[in-house]
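From just these sequences and the hints, can you work out the full model?
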Amino acid sequence: MNYPVWDVPVLGGAWVIAIIAIIHVLISHFAVGGGLFLPMAERRALAQGRAEWMPLLKRHSRFFLVLTAAAGTVTGVGIWFSIGLGSPAGTSALIHNFVFVWAIEWVFFLVEITAAAVYYYTWDRVSDKLHLAVGWVYAVSSLWTLIIINGILAFMLTPAGAWLDAAGTGDEVRTLWPAFFNAEYWPSLIARALVAISLAGTYALVTVSLLDGAKHADLKESFARWSSRWVLPGFVLMPIAMGWFVAALPEGAREILALGVGGAGVGAFTQVTRAALYAAVGSATIAPIVLLLVWRDARHLRLSHALAVIGLALLTTGASEMAREMLRKPYIVRGYMYSNGLFEAAVDTPEERTASYLANSPWVRPAEAQAWASPVSSESYQLERGELMYRGQCLACHTRDGYRSTRRLLASRDRDGIQSILTMLHERPEDSPYNRYMPPLVGTADEIAALGDYLFEDTTVARRAYLKKEGLTEDESVAPAEPEAQD
Amino acid sequence: MWRGSMAKSSSAGLSALGARVWNWCDERLALSSIWAIAEKKTVPLHRHTFWYFWGGISLLLFIVQAITGVLLLIYYRPGPEAYDSVRSITYDIQFGWFVRSLHSWAANLMVFAVFVHMFSVAFMKAYRRPREFGWWTGLALMGLVLVFGFSGYLLPWDELSYFATAVGLEIPRSLPGVGALIANIVQGGPEVSTVTVQRFFALHVFVLPLVFMGILGVHLALIMKHGSAVPPSEEARPERERRSIPFFPNFATQDLVMWLICFNVLCVMAFVFPWQLGKPADPLASAPEGIHPEWYFMSQFQVLKVLGEWIPGYLGEILGIGLFTLGGVLWGLLPLYDNTSQSGVRARHATWLALIALIGLLALTIWGYAGL
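Keeping their order, the protein sequence lines are chains Y and C. Its first residue numbered 1023, the first sequence is counted upward by one per residue in my numbering. Its first residue numbered 103, the second sequence is counted upward by one per residue in my numbering.
These aren't lab readings, by the way, just hints derived from the structure by calculation. In this text, a Cβ means the ideal position worked out from N, Cα and C, and glycines have one as well. Possibly wrong hints are sitting among the right ones.
Stated by the list, open to error - Below, simulated DSSO-like cross-link-like pairs (lysine-lysine); rule was C-alpha separation at most 30 angstroms, straight line:
(1) Y:K1237 with C:K142
(2) C:K327 with C:K142
(3) Y:K1080 with Y:K1151
(4) C:K142 with Y:K1490
To be verified - Computed footprint of chain Y on chain C, listed as stretches where at least three residues anywhere in the stretch have a Cβ under 8 angstroms from a Cβ of chain Y:
(5) 194 to 203
(6) 352 to 363
(7) 371 to 380
Structure, rendered in structure tokens:
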């Protein structure tokens, strides 16, 4: 049973989604910022009679068209494919709630890429006024795509209380706007707009860096300096937007963020803090780098300089998106659906968590459901059931031998040690440190035992290596009292 | 800039307040003359200019270590409490893990940057007359950086640091006659113990920085005096075809950009791979499997290991130490051997020596890790 649980070895499905999404975010934000950049630059060139800017802008718009319409579109479709495979339940929940919102975004996207193509292909073919108007159509439509998609992304982190109350009743549509304009909507929109504006300036440096500074000294200097100013709004206002963003976070998310301040290893799930901290460092340093590069020596700006800045922008964007995603832990939609597709309301009480997972899984054929939930008949059957539990409830976040490897995390535990951690995940005592980061473990006692058996068997090689390294025997393996680092 | 305007005896375009502040400072600190000197200095512009940044990068990493080192000093307690204090820094104190990770990663990156700087100087032949003392002070600084790394590695007093230091101190101990005496003085006794931690601490936070900063001052003064050397390929070009940019502010600005990029790399390392702490050191326990020194001592470690297998006993170790010493001496004498700007047999020999040294270091390091 490989489908529908997406088993990506080493990397894990979540990282596949993340890699595609980070590239897409970088391109799509550039599309929004660049949408403003092109008509504003053209307007400035026309107003100041800088005819020499036009060929450069035309070249930039070609680069822009290729990047946004080709790479942006491909990665956009890639996100749909990957989230559909990695998180089918989450994708389904979002589509069912926001289908018309997405339809509106799609219309704006269509206008956007059409306008981008028309803008590029009508250079020198239509009047300046008409060409500029096409540029503004592009700018406005691309801005609208951000305005719309931001609502859905922010919703996953802070769905409104009204929507949560209506969730599952079939009446969710009445709470669409509170869900869309949720607590994180405005700070998130402002932060994204600032990122988009900054990226427009940094991408323009790539185009201008290709100019020969000796031959086109004035053009290179004037264009690079004007482009570099686009990083200033983000540099000045981003701390305010981020402050607002953090203030609007739910208490639980803020607690997760604060955990990594006091320690980055033992007993702490600190990736989110570290990612957020790098995002802050990157945001604070990119603008000075850009300004210093063009301040004195814009003529000597080289492609390697521009690419270094883009590389840092990629890192910063990646870190901030990663932090935002991890702040949702352990949910896909906070307070509604866990990262492995379980609905919070369906597994809230101990009784609900003790119902059979395998019999109720939507991915098990109805005819087979009872058989999977029935008591053990053989050791291999038990392991097969354990693997199904693992695929259904663990693989969304863990891999066997790579990112958040269960083999590595459980190598120091014996059979009882593995069972005790599963029991803790299942019973969720109030003082359990796992409650913040991991969904509850659902299943009958027999299913949980099957999962424990599977994990013990699967961890055999890693456990032996651990015992050898520590000079211990099988009987001496210990279960750490504190949760392991999740890196 | 304020100074530019002052030089033209005019404050046009500047705020009166800014001009007054400049004048006030200039009168007391002679900023105009410093600026004038800095502006006269130029940096050659050619396809190898990138390698000029590595000296500055090494300096940045030293500054980071100085600052983070002072912050670590607030909580670090040498001696028997060393392990607990580092544990507290790493897992309890707010941002303690970050400061420690920055310090440790900066140390590793600095060793890397210093190696790159040294080899770029060697390949660009920037040790030739009149820059011999620049080369020698640079080598002294590199030696100190390695001692910094070695002494700092023991300070957490965990299992790995203990055994790595014990293995490392076997090298001086194997010297005939004086070996045991040297090892005893360094260790503060016949074995590595918490007394050694105190000695290494004193060396790491006081003696080494003092010596390092003195030599660094001379090194920088020599660079200011002689300027940046151009590689032979650039020297062969006619004077009128050579390009350069003012050191200040143009090159200094680019240096600053490089520093910011480097700082990002450093932070990424600290955030992605925060420095962890192993079990407390236990001199009575057996050494963990595959114990080895830090990567920058791996080539020497591998030479000793291989020679020890070929020629067991003291002879192998002494031969290994003799080889390092001979290599170091030859490397240090490079400016005296290849001392003219002419391209000739000696220049080619020097280039080959640098190439062999580089490939040898890389190959031995890889071989060392492959054999673990």
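Sort out whether K142 (chain C) lies within 30 angstroms of K1237 (chain Y), counting only the CA atoms. holds (26 angstroms)
Take the C-alpha atoms of K1080 (chain Y) and K1151 (chain Y), compute the straight-line distance between them, and say whether it is at most 30 angstroms. holds (16 angstroms)
Are the Cα positions of K327 (chain C) and K142 (chain C) separated by 30 angstroms at most? holds (12 angstroms)
Pair hint K142 (chain C) and K1490 (chain Y), alpha-carbon separation not exceeding 30 angstroms: violated (64 angstroms)
Count the residues of the stretch 371 to 380 of chain C with a beta-carbon closer than 8 angstroms to any beta-carbon of chain Y: does the count reach three? Check passed, 5 qualifying residues.
Tell me whether the statement that chain Y covers the stretch 194 to 203 of chain C is true, taking a Cβ distance below 8 angstroms and needing three residues at minimum. Holds: 8 residues of the stretch 194 to 203 of chain C have a Cβ under 8 angstroms from chain Y.
Taking 8 angstroms as the C-beta cutoff, is the stated coverage of the stretch 352 to 363 of chain C by chain Y satisfied by three or more residues? holds (count 7)
Checked against the numbered hints given earlier, this structure breaks only hint 4.
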